[in-house]
Amino acid sequence: MKRKLTLALALLLCMSMLIGLAACGGDDPATTTDNPPTDAPPTDAPPTDAPPTDPPPSADDPPLEDVELTMASWRTDDVAAVTDLLAKYKALVPNVTITFQPVNPPDYNSTLEMQLEAGTAADLMYARSYDVGQGLFNKGYLADCTGITGLMDNFAAGNLAPWQMPDGKMFAVPFAAVSHGVYYNKDIFADKGVSVPNTWAEFIDVCKTLKDAGVTPIANGIADNWDILECFFLSMVSNYVGVGATREQYENGDKKFSDDAWVKAYTAIAEAAPYLPSGFQSVTYDDMMALFASGGAAMAVDGSWTISVYDDVPFEWGVFAVPGPNDSKNINFHPDMAIGYNNATKYPEECKAFLAWLCTQEGASTASAALPTGFFPMIDFSIQLTDPHANEFLALNSGREPDARFVWPKLMFLYGPMLDAVNGVLTGSLTPQAAADAVQTAYENPPTD
Amino acid sequence: MHPSGLYWAWYLLPALVVYLLFMAFPLLDSVRLSFFSDNTGSWEFVGISNYSKLFSNEFFEGVPYIQRYGNAIKNTCVFFCIHMLVQNVLGMLFAVILTNKRMRGRTVYQAVIFLPTTFAILVTGYLWKLLLNPIWSRGFLEGLGLGSLSQPWLGQPETALTAVSLISCWQWIGIPTMMFVAGLLNISDDLYEAAEIEGASKWSIFWRIKLPLVKPVVGMISILTFVNNFNAFDIVYATEGANGPPAYATDLLGTFFARVGILGQHPRGNADRGMGAAIATITFIFLIIGSLIVLNNTRTKEKEK
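Line by line, the protein sequences are chains A and B.
Residue numbering for the first sequence follows the working numbering, beginning at 1 and increasing consecutively.
Residue numbering for the second sequence follows the working numbering, beginning at 450 and increasing consecutively.
Think of the hints as simulated: they come from the structure by calculation, not from any bench.
Do not take every clue at face value.
Simulated DEER-style distance windows between Cβ atoms [stated by the list, open to error]: (1) B:L580 to A:K186: 29 to 39 Å; (2) A:G158 to B:C530: 48 to 58 Å; (3) B:E493 to A:T76: 34 to 44 Å; (4) B:L590 to A:G295: 15 to 25 Å; (5) A:D259 to B:A473: 49 to 59 Å; (6) B:L580 to A:F315: 23 to 33 Å.
Please read all numbers here as calculations on a predicted model, not as lab measurements.
Backbone N, C-alpha and C define an ideal beta-carbon position, used for all residues, glycine too.
Isolated chain A (complex conformation) (with noise of 0.2 Å):
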């Protein structure tokens, strides 16, 4: 008897741990037998057409099967944004509903890469630009958008580049662009008699009056370890060095990392390390961000997708372009976002309707009134914003060559040893030589995947 009932209760155990894993790996099949893949469902009308609030379809049509799509994405600020977008897609193809599903930025690249290889990735994703998004397209996860209604026609040759494989293919459709600037504070400025500078030398002088007035004049620090290269050091580095031909230059190894134009460019930016806060060392993205709402530092050398944390400020602020030494008509300007789709995806005609719908004015246009200011447009038709300071971001670029962020393109390895560089020389471990040298060693030493 007794061992009848351990029995019993070891069988017990057992079935329930069975039932636990089968509990675990049963979601797939049971998801996919609510949607049984059909015939290519009829949403290839071109969206722009449809009317903007189709009636639920009847009885007697052939009902439009029900699609649900996930969208990937690094922008988990942006959740109310892009579902309000999504939401008026959803008024237009009543039949397809896509879920926004962001991750933490710096998490993106390689749980998205996990999740492709894994085949449990979402339907539609951001993509990023350059050669992170040309790797997952040649391993074939990210599908060839080049035959999307509109993509080729409406985006200008330099805003594709970023989701363009050498041959011309596209793996996403371009989404917004960001620019970087100097935010400063208008009242801090006035009370203490200075003006905007237009070269990097003003810029010190600018600084120095105002550490001289007790004002700690720049609010960045380098203890997050990417802004400070992403948005202060490279917006230097495209009037210091260059941009568009010059950058290829070095990316074809033309011109070294090591020349007196880089070695400038590190000179310059260890001249703004006493006029960063006290203990800069320690003083993170948000941190900066906290000291210049608080007032407490005259200026951030930010990017333009900062625009909305300083809505409800008290007191008046611009923004001016990084400075650089007096010839420089340069400005940062980054295609950031763009969205591509699952080559694995189940609904590749409801994906690439989503998608040419992007590439019409009418979706750019509400895509442009959805997305948090900062974030500006990069499709061809002229699309108002009607943020004052994206306006003013925007109008930075104007008598200016824009360009993507320095190592971007091609030198992506750089970012590593180009952070260490200004990092040692901002904390003064390194000399500008020194830290120029060291990025030339990286460069002459890729690494080997």
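Take the given structure of chain A and dock chain B to it, following the hints.
Structure of chain B alone, referenced to chain A:
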């Protein structure tokens, strides 16, 4: 009737299945993966090239691999030493004080010392990041006349590793304290009485009676500290980030492994998982050997007793 045969095996089965499936298999599989590389898009057998690369002058993050790896090993050793010296020695001290039966409010102190252990590491990290940030702490410290203490402790390469280690000690000191308390309470009062009658000082009671009798606990604590420290990642990630800033001063084996094998360098996210598996395998073997040595030593001591 006494049940005979292997009936007890049924009880083992569920745990065994979970263990094999979710622990032993992934562990062994990661050893297998360390001989593969997926950098070309598919897994390819590459022999020991991951291992030889790790110890070579091939470049990673702009410097030779061996330099980054060596730096991570060195930092982890320092991290471990600080834990042994601060966390475990203080833990013993607290335990001796807490087992003093004449002291009032013992349970309160015990709870206070144990409290940080219950915090989520991200909370600890965030809290200390703010406390040690001169931007936010300066006003308070200057008010106390301690303005010189308002330094970017977590931002200077000279102080960052010590600061992170001490934060970790602060959080986990409750564990060795509790274990030492339990060990000390097990010692029979007769021994103390006998020692007092013989005229032994407090000092020699500690060295001759308390310490030898809690030596097995010391062994266990050492192993736990050793294993946890050489796998540490979370506290650095929470206070500094996965790059081990500033200037790789807080780059431990754990963060190095995460950066190489899982996260990839921001913003590329180009993880080299075969290499990650190789780093994990070396750490794993090293931990096994280290643990066996400590375990063996404390076990024999137990038998001698």
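Hints versus structure:
1. Taking 29 to 39 Å as the suggested C-beta distance range, the pair L580 (chain B) and K186 (chain A) conforms, at roughly 33 Å.
2. Roughly 55 Å separates the CB atoms of G158 (chain A) and C530 (chain B), a value that falls within the hinted 48 to 58 Å.
3. The hinted window of 34 to 44 Å between E493 (chain B) and T76 (chain A) holds, with their beta carbons roughly 35 Å apart.
4. One distance hint, 15 to 25 Å for the beta-carbon pair L590 (chain B) and G295 (chain A), holds here, with the actual separation near 22 Å.
5. Checking the proposed 49 to 59 Å range against D259 (chain A) and A473 (chain B) shows it holds: the Cβ atoms sit about 55 Å from each other.
6. Judged by the Cβ atoms, the range 23 to 33 Å given for L580 (chain B) and F315 (chain A) holds: they are separated by roughly 29 Å.
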